[in-house]
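Participant: So you can see what is in the structure, the chains are spelled out below.
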Amino acid sequence: MTSSQENDLIQSVDDLHFYLKQAMMIEHATIPPYMTALYSIKPGSNIEAFQIIRSVAVEEMLHLVLAANVYNAVGGDIRNTLSSDEFIPKYPTTLPTGETDFKVGLGKFSPETIDTFLSIERSKEVDEGQPIVGPRPSQNNLLAVRDANPQYSFYSIGLFYAEIIRGLYALYQEMGDDLFCGDPQRQITPEYYYDGAGDIIKVTDLTSAIRALTMIQEQGEGSVIGTIYDAERLLSHYYRFDQLKRGQYYIVDQDNPSNSDQPNQPTGDTFAVDWDAVYPIKENPKLSDYSGEPELHSAAQEFQSAYSDFLTKIEYAFDGHPETLLPAVGGMFKLKYQAERLIKNPIPGRDGMNAAPIYRLD
Amino acid sequence: MNIQVWFRWLYAALWRIFSGGQPIMNLDQSEMKEYFLDFSVALTGFSKFNLLGTGQADLYYSTIEQNIGNELLQELLQTFHNLDLKAKSANDQSILDKGISFDILDSKKFGAIACNIIKLWYVATWYPIPQTGQDSNSQKPFIVSPQAYPEGLLWSAIGVNPPAAKAPGYGTWSEKPSVTLS
Numbered sequence: 001m002t003s004s005q006e007n008d009l010i011q012s013v014d015d016l017h018f019y020l021k022q023a024m025m026i027e028h029a030t031i032p033p034y035m036t037a038l039y040s041i042k043p044g045s046n047i048e049a050f051q052i053i054r055s056v057a058v059e060e061m062l063h064l065v066l067a068a069n070v071y072n073a074v075g076g077d078i079r080n081t082l083s084s085d086e087f088i089p090k091y092p093t094t095l096p097t098g099e100t101d102f103k104v105g106l107g108k109f110s111p112e113t114i115d116t117f118l119s120i121e122r123s124k125e126v127d128e129g130q131p132i133v134g135p136r137p138s139q140n141n142l143l144a145v146r147d148a149n150p151q152y153s154f155y156s157i158g159l160f161y162a163e164i165i166r167g168l169y170a171l172y173q174e175m176g177d178d179l180f181c182g183d184p185q186r187q188i189t190p191e192y193y194y195d196g197a198g199d200i201i202k203v204t205d206l207t208s209a210i211r212a213l214t215m216i217q218e219q220g221e222g223s224v225i226g227t228i229y230d231a232e233r234l235l236s237h238y239y240r241f242d243q244l245k246r247g248q249y250y251i252v253d254q255d256n257p258s259n260s261d262q263p264n265q266p267t268g269d270t271f272a273v274d275w276d277a278v279y280p281i282k283e284n285p286k287l288s289d290y291s292g293e294p295e296l297h298s299a300a301q302e303f304q305s306a307y308s309d310f311l312t313k314i315e316y317a318f319d320g321h322p323e324t325l326l327p328a329v330g331g332m333f334k335l336k337y338q339a340e341r342l343i344k345n346p347i348p349g350r351d352g353m354n355a356a357p358i359y360r361l362d
Numbered sequence: 001m002n003i004q005v006w007f008r009w010l011y012a013a014l015w016r017i018f019s020g021g022q023p024i025m026n027l028d029q030s031e032m033k034e035y036f037l038d039f040s041v042a043l044t045g046f047s048k049f050n051l052l053g054t055g056q057a058d059l060y061y062s063t064i065e066q067n068i069g070n071e072l073l074q075e076l077l078q079t080f081h082n083l084d085l086k087a088k089s090a091n092d093q094s095i096l097d098k099g100i101s102f103d104i105l106d107s108k109k110f111g112a113i114a115c116n117i118i119k120l121w122y123v124a125t126w127y128p129i130p131q132t133g134q135d136s137n138s139q140k141p142f143i144v145s146p147q148a149y150p151e152g153l154l155w156s157a158i159g160v161n162p163p164a165a166k167a168p169g170y171g172t173w174s175e176k177p178s179v180t181l182s
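Quick note, the sequences are listed as chains A and B, same order. Under the working numbering, read the first sequence as residues 1 to 362, first letter to last. Under the working numbering, read the second sequence as residues 1 to 182, first letter to last.
It is worth saying that the hints were derived from the structure and are not from the lab. There may be inaccurate statements among the hints.
Claimed, not checked - Restricting the straight-line Cα-Cα distance to at most 25 angstroms, the calculated cross-link-like pairs of lysine-lysine (PhoX-like) are:
{"no.": "1", "chain 1": "A", "residue 1": "K282", "chain 2": "B", "residue 2": "K98"}
{"no.": "2", "chain 1": "B", "residue 1": "K98", "chain 2": "B", "residue 2": "K33"}
{"no.": "3", "chain 1": "A", "residue 1": "K334", "chain 2": "B", "residue 2": "K166"}
{"no.": "4", "chain 1": "A", "residue 1": "K286", "chain 2": "B", "residue 2": "K140"}
Unchecked claim - Partner residues aside, some chain B positions facing chain A, computed with beta carbon under 7 angstroms:
{"no.": "5", "residue": "G45"}
{"no.": "6", "residue": "F49"}
{"no.": "7", "residue": "G53"}
{"no.": "8", "residue": "G55"}
{"no.": "9", "residue": "I143"}
{"no.": "10", "residue": "Q147"}
{"no.": "11", "residue": "Y149"}
{"no.": "12", "residue": "P168"}
{"no.": "13", "residue": "G171"}
{"no.": "14", "residue": "T172"}
No residue lacks a Cβ here, since even glycine has one placed at the ideal position from N, Cα and C.
Please put together the full structure from these sequences, using the hints given.
Facilitator: Encoded structure:
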């Protein structure tokens with residue numbers, strides 16, 4: 001057995017199911033931090049930053065749906081996944097990839113927050129045949145690499161998906177089309193999704209599964225290391241955030257992507273980022289931060305319960321009721337307005353610090 | 001200097017003379033804003049959390065101040081605050097309710113301004129007030145900012161999203177309305 005095979009993490013359909021559930025957790029785990037930073041921007045200011053973060057958050061939702069499609073296609077049981085208590089991380093958290101050199105938290109739009117977002121979307125190339133997880137000292141990981149050495153972790157989300165793709169190929173070799181035993185009626189297809197963030201992909205076989213997972217990988221990091229764009233010739237998430245640090249847009253040449261800007265050398269229009277036009281919200285708030293303030297407390301509780309309810313509805317849509325997805329996503333807009341109300345309210349006695357939404361109770 | 005402005009100046013000067021040289025009020029801005037929020041709660045029926053949640057309180061405050069002047073605004077807020085204190089010390093909310101009705105809404109001086117504050121919160125629009133000395137003929141109502149319009153309390157009061165803003169999400173038009181006419 002070669003060293004790479006020793007590091008193959010996905011050896012069975014159960015393993016595959018496990019990692020696809022982790023994938024849904026990873027995609028979701030980025031949404032509350034992106035939403036919190038987004039809504040901390042004062043309305044009417046930082047238009048460019050708002051659009052950039054929003055565009056990424058919308059694609060993370062798409063990734064969650066794509067991961068669920070792959071999971072359903074390989075016969076996964078979605079019940080008690082999004083609705084489980086553990087699905088929403090305790091912020092600040094390490095990502096379920098297992099990496100611990102940075103933590104993802106809930107905070108206002110700031111240079112430090114954008115640094116974290118860049119870490120989330122970072123990329124690294126690993127030569128074929130080399131292990132894509134590395135031994136790293138780890139503690140408090142959401143992901144203990146399944147049935148394996150708990151000290152292993154993935155450097156990037158892209159490498160995490162690379163392992164899933166490798167596992168899919170390997171299992172397909174063994175099982176053939178039996179691997180894709182899921183009911184196609186459970187797939188979220190374009191008519192059940194507002195097509196604003198890249199294509200939704202119906203997953204029924206190996207080709208479509210790989211396409212879905214590759215899209216997730218590339219929208220985050222780009223299609224080829226050393227370029228700024230993904231397979232759809234759109235700027236990858238990493239470089240979208242990088243623009244905020246530089247106050248300048250990258251240019252992607254849609255007709256001839258190789259003529260696009262080089263990483264770290266944007267040539268597009270410049271724009272101003274006003275780091276002060278932001279509500280000074282409490283980082284990683286807990287319900288106890290609002291004790292003694294009945295209205296804040298109950299608004300935070302209402303938001304949390306509406307958020308859990310939202311995830312439960314999404315799960316129901318993934319569980320063979322695709323027609324319920326659009327109304328559920330409509331509910332997400334109400335969440336936005338609830339979150340904004342909290343963010344605009346100072347916490348009395350906290351010296352100008354504002355409230356922020358809570359996604360998980362403990 | 002037109003005649004109304006001149007009278008306001010005279011009024012302030014006389015007040016200073018007869019009150020021992022003190023300015024009319026001596027509220028600092030944070031106190032003023034606090035009174036303004038309390039007053040707005042009483043006028044609109046929305047809680048402080050909901051009012052602050054619109055993100056418009058500072059903008060509305062400065063809009064009023066710019067249009068009626070700081071002194072008149074102070075006087076109005078002080079009048080409200082005195083009623084509020086009275087009601088609290090007697091533990092009798094009706095003192096405040098009646099006071100707002102008689103001393104503010106029915107008052108020649110404050111009535112139009114208080115109505116304007118209600119309109120400001122509900123429809124994010126400032127309407128000209130003739131009595132403040134501004135030429136109401138040349139001043140038209142205006143929406144105080146693009147961000148204020150969707151935050152008007154009107155929309156949450158009637159349970160709908162503001163037309164063309166705060167969209168409830170793709171495809172939600174095929175759902176039943178969230179409010180009924182009955």
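Participant: Should the interface hint for G45 (chain B) be scored as holding, given a Cβ-Cβ cut-off of 7 angstroms against chain A?
Facilitator: Hint violated; G45 (chain B) Cβ to chain A Cβ min 15 angstroms, cut 7 angstroms.
Participant: Please verify that hint: G55 (chain B), Cβ, nearest Cβ of chain A, below 7 angstroms or not.
Facilitator: Given a least distance of 4 angstroms, the restraint on G55 (chain B) holds.
Participant: With a cut-off of 7 angstroms, does the beta carbon of Q147 (chain B) approach a beta carbon of chain A closely enough for the hint to hold?
Facilitator: holds, 4 angstroms
Participant: Straight-line Cα separation of K286 (chain A) and K140 (chain B) no greater than 25 angstroms?
Facilitator: The given pair, whose Cα atoms are some 47 angstroms apart, is violated under the 25 angstroms limit.
Participant: Identify whether the interface hint at F49 (chain B) stands, where standing means a beta carbon of chain A within less than 7 angstroms of its own.
Facilitator: holds, 4 angstroms
Participant: Report holds or violated for the interface hint on G53 (chain B), using the least CB-CB distance to chain A and a cut-off of 7 angstroms.
Facilitator: holds, 3 angstroms
Participant: How about G171 (chain B): closest beta carbon in chain A under 7 angstroms, or not?
Facilitator: With Cβ-Cβ at 4 angstroms, under 7 angstroms, it holds.
Participant: Minimum Cβ distance from Y149 (chain B) to chain A below 7 angstroms?
Facilitator: violated, 11 angstroms
Participant: Any CB of chain A closer than 7 angstroms to the CB of T172 (chain B)?
Facilitator: The hint holds - T172 (chain B) has a Cβ within 7 angstroms of chain A, the shortest such distance being about 4 angstroms.
Participant: Is K334 (chain A) within 25 angstroms of K166 (chain B), Cα to Cα?
Facilitator: Between K334 (chain A) and K166 (chain B) the Cα gap is close to 9 angstroms, so the pair holds against 25 angstroms.
Participant: Would you mind confirming whether the straight-line C-alpha gap from K282 (chain A) to K98 (chain B) stays at or under 25 angstroms?
Facilitator: Violated. K282 (chain A) to K98 (chain B) sits at ~40 angstroms, over the 25 angstroms cutoff.
Participant: Check whether the Cα positions of K98 (chain B) and K33 (chain B) lie no farther apart than 25 angstroms.
Facilitator: holds, 23 angstroms
Checked against the numbered hints given earlier, this structure breaks hints 1, 4, 5, 9 and 11; the rest are met.
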